[in-house]
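There are 2 protein chains.
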Amino acid sequence: MRKNKKIILSEKEMPKQWYNIVADLPGTLNPPLGPDGKPIGPEMLAPVFPMNLIEQEVSTERWIDIPEKVMEMLSIWRPAPMVRAYALEEALGTPARIYYKNESVSPAGSHKPNTAVAQAYYNREFGIRKLTTETGAGQWGSALAFACSLLGMECKVFMVRVSFDQKPFRKMMMQTWGGTCIASPSNETQAGRDVLAKYPDTPGSLGIAISEAVEAAVTDETGQTRYSLGSVLNHVMLHQTIIGLEAKKQLEKAGEKLPDVLIGCAGGGSNFAGLSFPFIQDKIHGAEIDVIAVEPKSCPTLTQAPFAYDHGDIAKMTPLLAMNSLGHGFIPPPIHAGGLRYHGMSPLVSHAVKEGLVRPEAIHQLECYEAGLLFSRTEGIIPAPETTHAIASTIRQAKLAKEEGKEKVILFNFSGHGLMDLVGYEKFLNGELKDIKLATKDFEQFTAVLKNHPSPVV
Amino acid sequence: MRKNKKIILSEKEMPKQWYNIVADLPGTLNPPLGPDGKPIGPEMLAPVFPMNLIEQEVSTERWIDIPEKVMEMLSIWRPAPMVRAYALEEALGTPARIYYKNESVSPAGSHKPNTAVAQAYYNREFGIRKLTTETGAGQWGSALAFACSLLGMECKVFMVRVSFDQKPFRKMMMQTWGGTCIASPSNETQAGRDVLAKYPDTPGSLGIAISEAVEAAVTDETGQTRYSLGSVLNHVMLHQTIIGLEAKKQLEKAGEKLPDVLIGCAGGGSNFAGLSFPFIQDKIHGAEIDVIAVEPKSCPTLTQAPFAYDHGDIAKMTPLLAMNSLGHGFIPPPIHAGGLRYHGMSPLVSHAVKEGLVRPEAIHQLECYEAGLLFSRTEGIIPAPETTHAIASTIRQAKLAKEEGKEKVILFNFSGHGLMDLVGYEKFLNGELKDIKLATKDFEQFTAVLKNHPSPVV
Numbered sequence: 005m006r007k008n009k010k011i012i013l014s015e016k017e018m019p020k021q022w023y024n025i026v027a028d029l030p031g032t033l034n035p036p037l038g039p040d041g042k043p044i045g046p047e048m049l050a051p052v053f054p055m056n057l058i059e060q061e062v063s064t065e066r067w068i069d070i071p072e073k074v075m076e077m078l079s080i081w082r083p084a085p086m087v088r089a090y091a092l093e094e095a096l097g098t099p100a101r102i103y104y105k106n107e108s109v110s111p112a113g114s115h116k117p118n119t120a121v122a123q124a125y126y127n128r129e130f131g132i133r134k135l136t137t138e139t140g141a142g143q144w145g146s147a148l149a150f151a152c153s154l155l156g157m158e159c160k161v162f163m164v165r166v167s168f169d170q171k172p173f174r175k176m177m178m179q180t181w182g183g184t185c186i187a188s189p190s191n192e193t194q195a196g197r198d199v200l201a202k203y204p205d206t207p208g209s210l211g212i213a214i215s216e217a218v219e220a221a222v223t224d225e226t227g228q229t230r231y232s233l234g235s236v237l238n239h240v241m242l243h244q245t246i247i248g249l250e251a252k253k254q255l256e257k258a259g260e261k262l263p264d265v266l267i268g269c270a271g272g273g274s275n276f277a278g279l280s281f282p283f284i285q286d287k288i289h290g291a292e293i294d295v296i297a298v299e300p301k302s303c304p305t306l307t308q309a310p311f312a313y314d315h316g317d318i319a320k321m322t323p324l325l326a327m328n329s330l331g332h333g334f335i336p337p338p339i340h341a342g343g344l345r346y347h348g349m350s351p352l353v354s355h356a357v358k359e360g361l362v363r364p365e366a367i368h369q370l371e372c373y374e375a376g377l378l379f380s381r382t383e384g385i386i387p388a389p390e391t392t393h394a395i396a397s398t399i400r401q402a403k404l405a406k407e408e409g410k411e412k413v414i415l416f417n418f419s420g421h422g423l424m425d426l427v428g429y430e431k432f433l434n435g436e437l438k439d440i441k442l443a444t445k446d447f448e449q450f451t452a453v454l455k456n457h458p459s460p461v462v
Numbered sequence: 005m006r007k008n009k010k011i012i013l014s015e016k017e018m019p020k021q022w023y024n025i026v027a028d029l030p031g032t033l034n035p036p037l038g039p040d041g042k043p044i045g046p047e048m049l050a051p052v053f054p055m056n057l058i059e060q061e062v063s064t065e066r067w068i069d070i071p072e073k074v075m076e077m078l079s080i081w082r083p084a085p086m087v088r089a090y091a092l093e094e095a096l097g098t099p100a101r102i103y104y105k106n107e108s109v110s111p112a113g114s115h116k117p118n119t120a121v122a123q124a125y126y127n128r129e130f131g132i133r134k135l136t137t138e139t140g141a142g143q144w145g146s147a148l149a150f151a152c153s154l155l156g157m158e159c160k161v162f163m164v165r166v167s168f169d170q171k172p173f174r175k176m177m178m179q180t181w182g183g184t185c186i187a188s189p190s191n192e193t194q195a196g197r198d199v200l201a202k203y204p205d206t207p208g209s210l211g212i213a214i215s216e217a218v219e220a221a222v223t224d225e226t227g228q229t230r231y232s233l234g235s236v237l238n239h240v241m242l243h244q245t246i247i248g249l250e251a252k253k254q255l256e257k258a259g260e261k262l263p264d265v266l267i268g269c270a271g272g273g274s275n276f277a278g279l280s281f282p283f284i285q286d287k288i289h290g291a292e293i294d295v296i297a298v299e300p301k302s303c304p305t306l307t308q309a310p311f312a313y314d315h316g317d318i319a320k321m322t323p324l325l326a327m328n329s330l331g332h333g334f335i336p337p338p339i340h341a342g343g344l345r346y347h348g349m350s351p352l353v354s355h356a357v358k359e360g361l362v363r364p365e366a367i368h369q370l371e372c373y374e375a376g377l378l379f380s381r382t383e384g385i386i387p388a389p390e391t392t393h394a395i396a397s398t399i400r401q402a403k404l405a406k407e408e409g410k411e412k413v414i415l416f417n418f419s420g421h422g423l424m425d426l427v428g429y430e431k432f433l434n435g436e437l438k439d440i441k442l443a444t445k446d447f448e449q450f451t452a453v454l455k456n457h458p459s460p461v462v
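Chains as they are written, first to last, in the working numbering: chain E, 5 to 462; chain F, 5 to 462.
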């Protein structure tokens, strides 16, 4: 009989610390800047985040203990299985051994709850009773509603109007977990009212929703409300490293050394960082691993945008972050991988790319859906549209291994299932999707935005 | 630190045989009858099912080997975790220790793939290239499409028209797995055309869909098409026993003896039988276990219907089965737990109830949704509407244990997640649902139907 398909860990083998890559990254990290162009201090973030999370955001310690209560909540679905993709290998006829870390087993269906439970916990410890956030397609909003329900906290999610109307199931998930989900722009914030006065029929945007969620947090009179972000920031990447730390133990159990190729899709960067950062530590110390961050061709942040200081949101409410950015005014085309439609990128992931530790790759959506379909019909699990980008890249690498006749070990992050995103598959099967190519004017537009940055790094 | 939340098994610990309760059940089982009122022979089922499955259907052997290839497919998600519901216990303040077997981890989201992969395998071994089936809410249709995709078989699902229109996501799941899903009644079968000619605007029914699926299988000229059923029959119950066999090993790992109370919801009976039959073997040999089958008050098959011979479908295409039945003409009210809306019941489960081995219980849907909400907000996983019936009964038992001050062990089957059924939760939260009580005329109607049975057993 063949070896096990799944490589599992017991709860006792679950990592007890997160890995903070800041302690090991080469080069100098560029700090966030305030409106005055000077590095911001922790106190400037205090109205938005609790101090214990701000401390994590700026920490340079290599290992940070995971609190007992967070471990308990994570144990609802963790440790997550690592799976050998025997059937996919067979379909491709590749000598590569393909493994995937299955993050779709969480109650919300993706890796997002890894940081949601941690953020909710730290806020609760700090005396916070309510969290606000924004959500696009709904993956992050439902993860935070889930986490808040476990801790008896209130959760208010500003969901981009067009998604709110088109994806009612995500809203229902949040409500089932006791969260409140309202369409953005709303009449509940000044930012929302301003937009509605000007554009009463706007479909909304992530930028507007962020502005509303931050405003709702900082203007709350009880002082017991804060804002929560599902990607981009350092503490979010930190919480996600449990993915890669588990995967290392599992590869060892499978009798493998380090992977030759490591792949994750990247929107804001959190699932990619979660799997890759613990392995990049080895790469920094000499290991040869091809670490690939996959993004959509239609939102080519890492492959085509400059590394510069830019805002995380359209309304410029966030500090200036040093990152790859298509410009905070850039609106990505409406591809189905909503989680990858972001103009910016985690500063840590951007830095790792700049230092040559990560190799970015951009793939068009038709190739990704084709890959998602092959995976669904061989390995049996329907991937989220975001995840299909990692699968498409994995298939490229597996075919390359076949051409080269090499027994490579490929590990990718199966960041989420696609059960809430089946409309994209239907459109693909009906031939209604096409690859969206950016025109020169799109590039010119965001380049113009970046020219106005206060202190471009590159 | 508390004990582990999840009790997991390695793939090597996965049971290698199914348990056939027919070998141990007391009393005499009543055989299926043909249209002439005489027991049917295996050859009469040959146009509908492959002979290897018919042999399983009538087998009296206690243990039946699970084929290697089926084990491989099951290992995509099995062994399934058993979970200690610490947070639910705490919320209830009960001294009971509550465990649940989490069958929602399969790619289709429920226990249904346990038998889908086995049935697809045996058909494939017998040279069959295509399976037909019917589906109501879509849970079974998507499970069979999933199984067929793994084996490269065609799958055609006749989906009840009203669900086809209202639940497009289930259809999309089937299509993503390469299956064909068409609304029933359709123009593709004589049964469908007859209904459409008479009632062009009919919403369809499970009874019509069964007739279409059976007709499509038996009239296929290649001879390589058969029909597949997702519940009720003996071989389906057999395939599901892997649930209970795993649970036994897991309870032992958790340091528990046999459970005091064992609970599952029952529509056609397959998830209930899957968990309970291996424990009922112990009960037959003297163990004291309160085994509870939970059904909706609005479809009270086990609690209020007689045990008698009846057809499995409205069109009377199936043999007469000895079972509890509300009458094959009974149309259950439109509650959201679509999987529990069936007029009949597995003959084996019905027999176990008759012999006093199983205690049926009926619960109204509001109590079930309330239970599902509490579970979602404590244990974190949103249950399917069917599964909330098992949870509601579990909560009743946990409260009873509190009143009695007893440290009971309660084990229930978490048969599926509710991510594809969130509309029911939204309606519940909006106060739009009510308990549906059957009127006397409903009873009179099905009693009349049962009077016409050829050979009532009770």
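Calculated from the structure, these hints are not laboratory results.
One should not assume that every hint holds.
If chains are identical, the list can't say which one is meant, so a pair holds when it fits in one copy or spans any two.
Once the Cα atoms are required to be at most 25 Å apart in a straight line, the calculated SDA-like pairs of lysine to any residue come out as [unchecked claim]:
#1 287 with 18
#2 16 with 224
#3 287 with 38
#4 134 with 368
#5 441 with 370
#6 431 with 172
#7 20 with 182
#8 20 with 409
#9 261 with 15
#10 257 with 12
#11 287 with 201
#12 320 with 203
#13 431 with 223
#14 252 with 204
#15 20 with 200
#16 202 with 99
#17 202 with 368
#18 261 with 435
#19 406 with 446
#20 403 with 155
Just so it is clear, the structure is predicted and the values come from calculations on it, not from any experiment.
Among all the numbered hints in the text so far, which are the ones the structure does not match? 2, 3, 4, 7, 8, 11, 13, 14, 15, 16, 17, 18, 19
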